[in-house]
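These protein sequences, in sequence, are chains D and W. If you count by this note's numbering, then the first sequence holds residues 1 to 776, one letter each, in order. If you count by this note's numbering, then the second sequence holds residues 1 to 776, one letter each, in order.
Where hints are given, some of them may not hold.
For identical chains, the list gives no copy identity; a pair is met inside one copy or between any two copies.
Derived pair list, reagent style DSBU-like, types lysine-lysine, alpha-carbon separation capped at 35 Å [claimed, not checked]:
{"no.": "1", "residue 1": "K237", "residue 2": "K70"}
{"no.": "2", "residue 1": "K70", "residue 2": "K260"}
{"no.": "3", "residue 1": "K70", "residue 2": "K172"}
{"no.": "4", "residue 1": "K469", "residue 2": "K415"}
{"no.": "5", "residue 1": "K231", "residue 2": "K260"}
{"no.": "6", "residue 1": "K172", "residue 2": "K231"}
{"no.": "7", "residue 1": "K70", "residue 2": "K231"}
{"no.": "8", "residue 1": "K520", "residue 2": "K504"}
{"no.": "9", "residue 1": "K244", "residue 2": "K231"}
{"no.": "10", "residue 1": "K464", "residue 2": "K477"}
Source of the hints: derived by calculation from the structure; they are not laboratory data.
There are 2 protein chains.
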Amino acid sequence: MADRPAIQLIDEEKEFHQSALQYFQQCIGNRDVGLDYHVISVFGSQSSGKSTLLNVLFNTNFDTMDAQVKRQQTTKGIWLAHTKQVNTTIEIDNDRPDIFVLDVEGSDGSERGEDQDFERKAALFAIAVSEVLIVNMWEQQIGLYQGNNMALLKTVFEVNLSLFGKNDNDHKVLLLFVIRDHVGVTPLSSLSDSVTRELEKIWTELSKPAGCEGSSLYDYFDLKFVGLAHKLLQEDKFTQDVKKLGDSFVMKGTENYYFKPQYHHRLPLDGWTMYAENCWDQIERNKDLDLPTQQILVARFKTEEISNEALEEFISKYDESIAPLKGNLGSLTSQLVKLKEECLTKYDEQASRYARNVYMEKREALNTKLNSHISGTINEFLESLMEKLWDDLKLEVSSRDKATTSFVESVAAGKSKIEKEFNESMETFKKLGLLISNEEITCKFSDDIEERIKQLRDAELKAKIGRIKKNLVPELKDHVIHLLSHPSKKVWDDIMNDFESTIKDNISAYQVEKDKYDFKIGLSESENAKIYKNIRILAWRTLDTTVHDYLKIDTIVSILRDRFEDVFRYDAEGSPRLWKTEEEIDGAFRVAKEHALEVFEVLSLAVTSDNVEIIPDVPMAEEESGEDNEIYRDNEGVFHSRRFAHILTELQKENVLDQFRRQINITVLDSKRSIITTRTHIPPWIYVLLAVLGWNEFVAVIRNPLFVTLTLILGATFFVIHKFGLWGPVVNVVQSAVGETRTAIKDKLRQFVVEDHEVKESFEMKDFSKNEQKEK
Amino acid sequence: MADRPAIQLIDEEKEFHQSALQYFQQCIGNRDVGLDYHVISVFGSQSSGKSTLLNVLFNTNFDTMDAQVKRQQTTKGIWLAHTKQVNTTIEIDNDRPDIFVLDVEGSDGSERGEDQDFERKAALFAIAVSEVLIVNMWEQQIGLYQGNNMALLKTVFEVNLSLFGKNDNDHKVLLLFVIRDHVGVTPLSSLSDSVTRELEKIWTELSKPAGCEGSSLYDYFDLKFVGLAHKLLQEDKFTQDVKKLGDSFVMKGTENYYFKPQYHHRLPLDGWTMYAENCWDQIERNKDLDLPTQQILVARFKTEEISNEALEEFISKYDESIAPLKGNLGSLTSQLVKLKEECLTKYDEQASRYARNVYMEKREALNTKLNSHISGTINEFLESLMEKLWDDLKLEVSSRDKATTSFVESVAAGKSKIEKEFNESMETFKKLGLLISNEEITCKFSDDIEERIKQLRDAELKAKIGRIKKNLVPELKDHVIHLLSHPSKKVWDDIMNDFESTIKDNISAYQVEKDKYDFKIGLSESENAKIYKNIRILAWRTLDTTVHDYLKIDTIVSILRDRFEDVFRYDAEGSPRLWKTEEEIDGAFRVAKEHALEVFEVLSLAVTSDNVEIIPDVPMAEEESGEDNEIYRDNEGVFHSRRFAHILTELQKENVLDQFRRQINITVLDSKRSIITTRTHIPPWIYVLLAVLGWNEFVAVIRNPLFVTLTLILGATFFVIHKFGLWGPVVNVVQSAVGETRTAIKDKLRQFVVEDHEVKESFEMKDFSKNEQKEK
Ligand SMILES: Nc1nc2c(ncn2[C@@H]2O[C@H](COP(=O)(O)OP(=O)(O)O)[C@@H](O)[C@H]2O)c(=O)[nH]1
Ligand SMILES: Nc1nc2c(ncn2[C@@H]2O[C@H](COP(=O)(O)OP(=O)(O)O)[C@@H](O)[C@H]2O)c(=O)[nH]1
Ligand SMILES: [Mg+2]
Ligand SMILES: [Mg+2]
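Just chain D, same shape as in the assembly (with noise of 0.2 Å):
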């Protein structure tokens, strides 16, 4: 009878029992077993009799079913048993090894349906370690593909390769055919031939692994076949069959024997324990193993093919049908929503057959797929609508009654209605539930609108900027030029105060407070401050262009002259003045010099009347990179300062002095020229009065003699003197008696001597102040 009851080694939740080692220590006591133990499995489909012949053959215990009462799976698991029984032909009581033999839950049970799992992972495991694995099959099996397990076999033969078949230990397994209620109409060769011949056939189709490419069925394993009568139907022969099956177990030495040394594992009895729990682990972790059962493998496949056919057909149908459309909100989405239903009930109606789960996970991509083909429509019919509705948004603006209605609440109120319709068009589509997520929409829609009402601000800001500048720049031009041409010693105060008022003037419909404008854009405040400094730039560049270019040397030079001519020329009282002596002249010269050059330094350096140099209030210049603005050279290689109060250089200072100096010199000339003309002209009519009142006078001297020789002799010295140049040393002679005795001389004399020597004194005079300012 049998030692002890079986143990459950892996349990139906494919859990490892380690319970085992202590099994074996019940079945073996205090002996030393060392290698002399065997290991058989059974391996076949439900209900087959696999425990049956276990029992039967090696007198264990595992349960089997009450055929009495309804075919059902008995087995659950992997049973292991000890035994040192088998039933065989003859009594043979000798020192039989240990045998343990693994009961395998059947496969192909219909408690499991479409779940192989534990199946292949049951096989595998007997396969790795077993010695002998007894395969039973029913004869009616034979000739069969899933019936028969052969698809199950394949799997386990090549998840068996990549897992153990590079195992150096050389370890090779029995196939025990055994084939039941084998009748002996088809002779058993036909039927191992059979078998034989789909084990090759299905071991060439397997995928093998690097390193086993041209492995062999037979390098892993041997096949035995053996047939077993009807147990019922022919119960006796059953029974010796078995018997004779048995002593393949037991008759070492003859060539029937099964247990061969090549199949043992050559571990002792608890390091096969070890291998065993490690194989079970390799085994559940290995992920071929874990497939979704054919049902689910047949659901994904089929309803991506009918997912595909949907969605093709719904584009096929969509461009045409929607493309008459596009404008009409209501006939659009209708349409959408009919399209998108229709190619939904077509995926459902053919789909909705297979498995939910994944049914259902098609169905949300194939949704996703519409919504995103749609999305494109919806995109358009936004951006369309969106065009429209800022074309009105414009046209709002631009004819609206600009003395009533502002630029911001014109754009604000069409924002507004650009935001209530879109939202409205975007709820109808959400409703229908053609558009899932609308915050990308809506966030792209927010960005668009305001960068249009940027737009739509920055062109109303630039016409509002360019009327400004149309006024501004020149307005500035024309008060500074006039101002410039006419320049009193206060000229840039007035210049300055004139910049600011005018800047002041033309911007004081948007002033808000002191130095604080609002140009009625809906700009902030920093906004408002950074417009006004930039007019406050261009009024600047204006100013400096302005001025730079108009107080040129040329211009300069009038300008002086000019001023210097309304004093020299014209009294107080702005009479023309007629000069009388050199005096008045040299006077009003002086005068006139004075009151011209007054204005010649605020001409060539910009100061203010507290003589602090002007300094615009904000950046002019276009930033040349790698350059400094400080200093620029022109054509003629002249540096220049930037500065914008720096008008003109030493040089042309001196240039602008020299030019006036020149042209008031002559002014001064023509007057001077007009006093000799005036002094020296005596009438013809003097000379006949003269004639005739010294006509008596006249003939007295010629009568006497005296009076003829002094003549003479005065004459002649007169000519000698004259002829020789000795005027110098006479004057002097002359001057010298004269500073001895002038103050006898009578008044004509001395009034004759100093008129003329003054004439002479105010040329050497100009002469030599000239040098003298130059020296200076």
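For this one, chain D is given, so just place chain W with the ligands on it according to the hints.
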């Protein structure tokens, strides 16, 4: 015995044989069968004794397996036989109906292996066309899932529902389960319960189409169970069981009669033939039955899983191992190849065991993903390389010897070098299989390098134009202002000549032909022409601004005045004039005024010496939309013409002439005043001399009372006339008297009177001419 041999209705290639109609006619001859016929088919695993049963039961002659040879498939396709002879327990020799029997190819044959396509279609067809479907199964198959064709039945039930579920003919099928080799240990009731429960479970799990959700198994099928004893080991009982089965096919009216009216299709025989053919077409076309084999489905699932894992591992390793190598082509490529090979090897090891085409397909997809991921790094590398090479090119271009190497040459050399290194790098990647298509990268690279060269070219061009501008603008300004400040009648000819020559001088380095320039940047002829045109536009704008800013009213008045004074104040030799008479002044005045006004016309309208208006040869104005560029309104409301040649308006011309006249009149007045003072001034010593010389005459007059009396009378008369302003009439009288007696008066008197008269006339004439000119 059997009437005729069976025919093949549907062959192994799934072709429907239309000879069936002919066969029917042969079987029934000229008899009118009407609806008195029945159709039976059989379904079950291969070699399960289906054909044997049909032959025994209906005396047909279907081929059966010869068990003594080997177990293998015999029936291929679907065969049709006709019988009227049913094997029954008692011989009933009455009018038997015609029975058409379909022998269907067995399912799960190892010959077809995993290909279940025909099995499904055959089973579906059998259900569709039969009244009774015999489901043949071994007793031992009960409890198995695949082994008992339950999976197959499930698929068939599903497709049957979708294809024929909504048929209006209320067609029902009797499923007659014949359990073979029923040894009787398990009661038939138990077996039928097991099968029924299994079928009901399958039906519940079915995915039913719309409209069939609430349907029951029994809406479409009736179930019957029959057990047959072991044919070989219980031969007599088997025969008896078959006869009992046969009774149920012929015993009308009995409870167990199988051919109930609700199973009949109610079609005449030829109608049934068309129906059968139509059914087969529908079944053939149904895609739900077109499933890949389990092998392929598993392969798809597993290779996807393996591929994703391999890719995941590749990506996790990728970043940290690539990051330090991004700059080195050699080590980068070797590491990329290594990582890619590792990934593909890992995939190959696990996935190569699965169906080859699926494995290769997924491998290609994985390869594409790997390359896509790698291409990111390659793009980064190539972009970095591009940046580095580009910096080299920029350095080389900027530091070239500008005397010996042109911009175009150095750019071309640099570009060639970049392309060479870039292509070498790309070839390296391509040769190692890391890059599939390099057209896109090459195209993007070419676009990039063209864009960068364009930027470099633009910068170089901008620099060149900047230098041209920096010289051209001030030079033009100076020249124009110089010419305009000292204008001649042909000033505009001079300005135009100088304008063209200044432009020419500044771009002479780039001239190729007359009016053709190459700016040595590598631009096309049209691009060079455009740049030349832009330079001319700039020059014209400068000319326009300079002219219109300079030629203001004040400046033109100043120019005219200078020109007047040059002629009026200085004689032909350049000496200052000293006026002797008013006639001289008037003559000089006329000449000088005419000389000044010569240039007034050219200063207000820019025309050449041929009196042709100067029009710019390039468009200067920036097009301000919606604005007429011919006329603009300044800030004083005055309308201006924007045409270049129009310098002064009519109003401004009047203004200039007024100011000019006022100024030159002052000058003339000064000059005339200088004459007056010259004419009438008598030095004081003359009076002394006159007194001295005329003392004796004076005394003589005093002593003579007549002279005294005359003197008093003349003095009194003189006083009265002066007091009452009667010089006019006195002058008239004197003139009249002189006119009558002047021939007798001495030169002195005539000279005195005439000179005084000329001065007065000069004054009156000036006023009169002034009024006259104003009226003109
Ligand atoms: N026809 C037949 N039935 C058998 C044979 N061996 C066992 N059975 C019966 O088949 C049923 C199932 O046997 P069992 O050993 O539990 O099958 P297991 O599920 O493969 O272990 C039991 O009712 C046995 O009596 C046999 O060789 N031939
Ligand atoms: N054990 C057994 N064998 C049978 C039975 N009926 C037929 N066979 C044998 O099974 C083999 C196959 O029979 P066949 O009718 O060709 O099977 P089919 O492929 O289903 O048509 C033949 O050798 C028959 O002799 C039966 O009821 N029991
Ligand atoms: Mg069992
Ligand atoms: Mg057959």
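Here is what the structure says about each hint:
For a Cα distance limit of 35 Å, the shortest separation of K237 from K70 qualifies both inside one copy, at 25 Å, and across copies, at 22 Å. Proximity of K70 to K260 under the C-alpha cut-off of 35 Å is restricted to the inter-copy arrangement: shortest distance 31 Å between copies versus 39 Å within a copy. In this homomeric assembly, K70 and K172 come within 35 Å of each other (Cα to Cα) only across copies, at 29 Å, whereas the closest approach inside a single copy is 38 Å. Proximity of K469 to K415 under the C-alpha cut-off of 35 Å is restricted to the intra-copy arrangement: shortest distance 30 Å within a copy versus 46 Å between copies.
Proximity of K231 and K260 under a CA criterion of 35 Å is satisfied intra-copy only: 29 Å inside one chain copy versus 40 Å between copies. For a Cα distance limit of 35 Å, the shortest separation of K172 from K231 inside one copy, 31 Å, qualifies, whereas the shortest one across copies, 40 Å, does not. When the C-alpha separation of K70 and K231 is checked against a cutoff of 35 Å, the pair qualifies both within a copy, at 17 Å, and between copies, at 22 Å. Taking the shortest alpha-carbon separations for K520 and K504, only the intra-copy value of 16 Å comes in at or below 35 Å, while the best inter-copy value is 50 Å.
Within a single copy, K244 and K231 get their C-alpha atoms as close as 15 Å, and across copies as close as 27 Å, so both meet the 35 Å cut-off. For the homomeric pair K464 and K477, the shortest alpha-carbon distances inside one copy (20 Å) and between copies (32 Å) are both at most 35 Å.
The structure is consistent with each of the numbered hints, conforming to all of them.
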